[in-house]
Amino acid sequence: MTDYKYIGKRSVRIDGLAKVTCTAQYTDDLEFGPNLLHIAVLSSPYAHARILSIDTSEAESIPGVKAVISGRDFSQKFGLYLKDHSIFPADRVRYVGEQVAAVVATSEKIAKTAIKKIKVDYEPLQNVQCALDAIKKDAILIHPDLGNYEVVPWLYPQAGTNIGHIRKIRKGNIEKAFAEADYILEDQYHVPHVVHAPLENHIAVALYDYEGRLTMWNSTQSPHTQRNILASCLKIPHKNVRIIAPYVGGGFGGKAGISMEVIAAVAALKVQGHYVKLRWNRKEEFENSSQRQELFAKIKMGVKKDGTIVALRHKLFWDVGSSAEYGSNVVNATGFSAIGPYNIPNVHIDSYAIYTNRPPCGAYRGFGYSEFHFGLESHIDRIAKKLNIDAVEFRKKNAIKRGDKVAYGVEMGPTGLMECIEKVAKKIEWGKETKSDDPDKIRAKGFSIVWKAPAMPPNESSAAFLKFSEDGSINILVSGMELGQGYLTSMAKIAAEELSIPLEKIRVEHPDTDRNPYEWQTVASHTTWSSGNAVRKAAIEAKNRIFDTVSRALHYPKEALYLEDEKVKCKEDSKFELPLRDFVINGIQMKDGTFRGGPIMGTGIFMPEFSSAKVNPETGQGGYPNVHYTTGAGAVEIEIDKKTGRIKVLKMAEAFDGGKILNPELAEGQIIGGFMQGLGTALWEEVKFDENGKILNPNFTDYKIPTALETPDEMYPIFVEVPQPDGPYGARGIGEHTMIPVMPAVGNAIANGLGIRLKEVPFTPEKILDALEEKGK
Amino acid sequence: MSSFDYFSPKTLEEAVQLYNEHSASARLLLGGTDLVNMINDEMIKTNAVIDLKNIAYLKQLELKDNHLYIGADVTFTELIESDIIREKFPVIWESSRKVASMGIRNRATIVGNICSSVPSADSAPALLIRETIVRVMSVNGKREIDIADFFIGPRKNALKENEIVINLKIPVLNKSFGGSYVKMGRYKGEDLAQVGVATLVTEDLQYRIAYCAVSPKPIRIKKAEQLLNGREFSVEFLKDVDTEIMNAISPIGDIRASKSYREKMSSVLLEKSLIASYSRLKGNKPEYGKELL
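Order-wise, the sequence lines are chains B and V.
1299 is the number of the first residue of the first sequence in this note's numbering; add one for each residue after it.
2 is the number of the first residue of the second sequence in this note's numbering; add one for each residue after it.
Among the hints, erroneous ones may be present.
Unchecked claim - In silico DSS-like links for lysine-lysine, alpha-carbon gap of 27 Å or less: (1) B:2073 <-> V:46; (2) V:240 <-> B:1739; (3) B:1765 <-> V:176; (4) V:161 <-> B:1940; (5) B:2065 <-> V:189; (6) B:1986 <-> V:260; (7) V:286 <-> B:1940; (8) V:218 <-> B:1733; (9) B:1739 <-> V:224; (10) B:2057 <-> B:1466; (11) V:189 <-> B:1739; (12) B:2075 <-> V:240; (13) B:1699 <-> B:1596; (14) V:46 <-> B:1940; (15) B:1941 <-> V:224; (16) B:1602 <-> B:1581; (17) B:2075 <-> V:291; (18) B:1581 <-> B:1415; (19) V:46 <-> B:1407; (20) B:1941 <-> V:46; (21) B:2075 <-> V:170; (22) V:265 <-> B:1739; (23) V:189 <-> B:1940; (24) V:240 <-> B:1940; (25) B:1739 <-> V:286; (26) B:1992 <-> V:224; (27) B:1941 <-> V:265; (28) B:1613 <-> B:1602; (29) B:1941 <-> V:291; (30) B:1986 <-> V:265; (31) V:291 <-> B:1992; (32) V:240 <-> B:2073; (33) V:189 <-> B:1941; (34) V:260 <-> B:1733; (35) B:1733 <-> V:265; (36) V:224 <-> B:1946; (37) B:1581 <-> V:46.
What the hints contain is simulated information worked out from the structure, not anything from laboratory work.
Only a predicted model underlies this, so the values are computations on that prediction, with no experimental measurement involved.
Please work from the sequences and hints to get the whole structure.
Following this line, the structure appears as structure tokens:
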């Protein structure tokens, strides 16, 4: 194994000091002077209604109001993959909370007062609140113009229906396999909508200046993608759109792509020369950023007596809400991967994006994998039990291995899945029973295994620019976002390793699309891999320039030079050492007084050139849609109070194959954070709607995200390192994956402890008691 | 958010005078953890906010003449950090620790909690079982209200329009006892009670039982207490006690819990609370403050 100096070593995050001392600036911390204008947004009270007229005259007459905007001014549609989302709807609203109009005023108070003076005449339409209703033949159409929307070539909106996309997989002979199976289990599972709940709500500041430049300061995961969407939607040259992205106080996918930022952008166009600010409150954050898709999954699985899985039919009915502009790719990605981390020869998958009159849905940590793993991993446990095979053994028997064919026919890459399973089973003491002293309390364990691939267009890419200063310190310019996951530290470590420079002499800059090179988005757990590769290439390029300079000036053979402790050294001359700070800007002076060299810098780009989304739409075969899979396993030990139905997690263990863990401390943080986020969705979180599409719990009083008090007493993050051949030092992503095992592991533990199977999350105490009562009958 | 006048009186006399002048829509400010949110969310409109935090008298927390006095401006954190509360009023101590989160407890006051008079007020059951007197003042003078008569309905109490609660007066129990407060929220972190129950058992086997969140107002259930009075505690008595509890409570079903779950938990929590209280009376564990769910 290579001995690294920085990679894989524990170190404090480089943004830690700024964050704990409150000098880290978030968008709302930035000052824009006394002339800053404020935006308030009028939202729809209806889930589905025609807009007959909008009268803004009274709002416009209020002193301090600078502009009132609505679908009359900006009705353009935008979207990442499918352009189905209006900046302001011109003709109809599709969910409660949809932005109908906005006021720009000299104060927040005036803007909010003026909003109430806008008169909108609506004609309510029938609204659809459930995906299973929306796909019925007679359902009212939410996007009657679906057939006319712009869409990427690998998505298939079904005009004349409420289906935004279908991803189909056909592999092997499913009917024959079911006919030959010894046991078949068929059932349905349900995962409701949840929200990202970042502690920093969405916020955007925009300026459209008299040079025709649109500059924005946004809390975002996607500065370049936002620039691209805004430039093409508003017909402004890309060079004239600039997105600056300060620190982000929580993203989880909710700040991927674009949402409310479009409102701030068009407001700025209306009041040229003024800064405008839009900041969601918590209720708006629930109603009008994005949510996680709701899933109704129908699973039919066939197995042989010995436990070999022979067939899987997986139908995924996703409620993508009123817009599938981003969520359609969740549907697509999970369609390709809904076999889970198993080797299954015969597969039939249909993954549907279904419109309803609920808020738009999009990326959420796990990108749909948490939702389908819940059903699949519950199903696996039930089948293992039926065959009287231990749940862990059953998984080991069927776990996918390197070289097995995944659902779309490509060979599985290197994976440490088996080692993850074994390590988690050992740590959770699988098979060993424990008892509570309290007779009301039952202890039980649950297990699950997972996989996930980055869901990206095949031509996603990352770029990096690295430059030296006189003292031998460096600045790295990249456009990935630090979301708490440790991106800045990882990138610094890669440069440190390549250039032998200590972390304290490296700065990694936040994105500014004018200055920092391209990054697709900080999503898909792909930045360590993708942006990491770009940074590594930039560092190697800079290193080559260093050696080139030294070789030209001092005539050492280039291939004999190496870097150590911020110095250039030579394998052939042990006495030679030249500190980087002596020449990385000013060059090396020759005997005649002239200089060689000049400022050292490096650039690097990365694109997975082997990836392709071109597949047969009827079978999903023929392309290379996913670059790789990260695999892992998770388990919990829980204690259930039979009298109250409450669940306490006593212990958790999760293992992931990160290929190469660049920074163990922050990677462990990902496992603990991801586990807790997963636990939230397993036990408490659910957006509740009334029959008219109004959210009943758009606040933290009634939408419960876990607090520090809910953390288990014992938590064991474990890493396995089977290198990713094209990853930096072998690394692949683990960020999202860490929350995927939790829902099924907890559900399986409940089943093991109480003999009841809950097929719907969250596992509330009431559901536990109801199921116990049902079982007792 | 509408505009309002802000007053910051230095004396009680000045405060009651101001409140009397503006009473119709004036609001009193102490911790502000309820009031400020309601103003921001436009749930209430007010033309005058009277800030009572500068009246030194309201910071009183002392034992005097065999009574504990808790001033209106005493926060939950101050109660939790008080040795008097911890030693002599352990159920108030235990329930104070269950209120909201640390940040809220640092500002919120126990008097504010009862003045909000929400059915789920965490401090109410503990105050009910200690037979607290609520002392109020207005331009017409002072009067005392038994806490059992203080709550009237959701967000309604016995205060007249111009009355200010100045402190709580709680008799010291001159005999040994065990007590407990058991709160069921959706999780351990900050939450409103779905069901809360406080019980007390004295050395002469007198029982006291009070609930929050299971009827329009926090209630004490004397009929249930009478079934236990004079008897060494045994879970066998609970069946009869339960009948009285079910007669007395009338929980609603809402987004936080169904009616039937609240009913079931009213029994389950009572059992847990009585077991803990009786055990504490006998000098046994669980210690006060220990998780009872």
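Exercise for the section: Compare the distance between the alpha carbons of residue 189 (chain V) and residue 1941 (chain B) with 27 Å, and conclude whether the hinted pair is satisfied. Expected result: holds, 17 Å
Problem - Distance restraint between residue 1613 (chain B) and residue 1602 (chain B), which requires alpha-carbon spacing of 27 Å or less - result: holds, 22 Å
Handout entry: 27 Å Cα cutoff - pair residue 1739 (chain B), residue 224 (chain V)
Key = violated, 31 Å
Practice task
Starting from residue 218 (chain V), check that the Cα of residue 1733 (chain B) is at most 27 Å away, please.
Solution key: violated, 40 Å
Practice task
Assess, step by step, whether the Cα of residue 1941 (chain B) is no farther than 27 Å from the Cα of residue 291 (chain V), and give holds or violated.
Solution key: Since the Cα atoms of residue 1941 (chain B) and residue 291 (chain V) sit roughly 19 Å apart, the hinted pair holds (cutoff 27 Å).
Handout entry: residue 265 (chain V) paired with residue 1739 (chain B) [C-alpha distance capped at 27 Å]
Key = With Cα atoms ~17 Å apart, residue 265 (chain V) and residue 1739 (chain B) stay inside 27 Å; holds.
Handout entry: 27 Å Cα cutoff - pair residue 1992 (chain B), residue 224 (chain V)
Key = Violated, at roughly 43 Å.
Handout entry: Proposed proximity, residue 170 (chain V) with residue 2075 (chain B) (alpha carbon, max 27 Å)
Key = violated, 51 Å
Problem - Proposed proximity, residue 260 (chain V) with residue 1986 (chain B) (alpha carbon, max 27 Å) - result: Between residue 1986 (chain B) and residue 260 (chain V) the Cα gap is close to 18 Å, so the pair holds against 27 Å.
Problem - Given hint residue 1415 (chain B) paired with residue 1581 (chain B) - CA-CA distance at most 27 Å - result: Judged against 27 Å, a Cα distance of about 21 Å means the pair holds.
Exercise for the section: Assess, step by step, whether the Cα of residue 240 (chain V) is no farther than 27 Å from the Cα of residue 1940 (chain B), and give holds or violated. Expected result: Answer holds: residue 240 (chain V) to residue 1940 (chain B) is near 18 Å, not above 27 Å.
Handout entry: 27 Å limit on alpha-carbon distance, applied to hinted pair residue 46 (chain V) and residue 1407 (chain B)
Key = holds, 15 Å
Going through the hint list in order, the structure does not satisfy hints 1, 3, 4, 8, 9, 14, 16, 17, 20, 21, 26, 31, 34 and 36.
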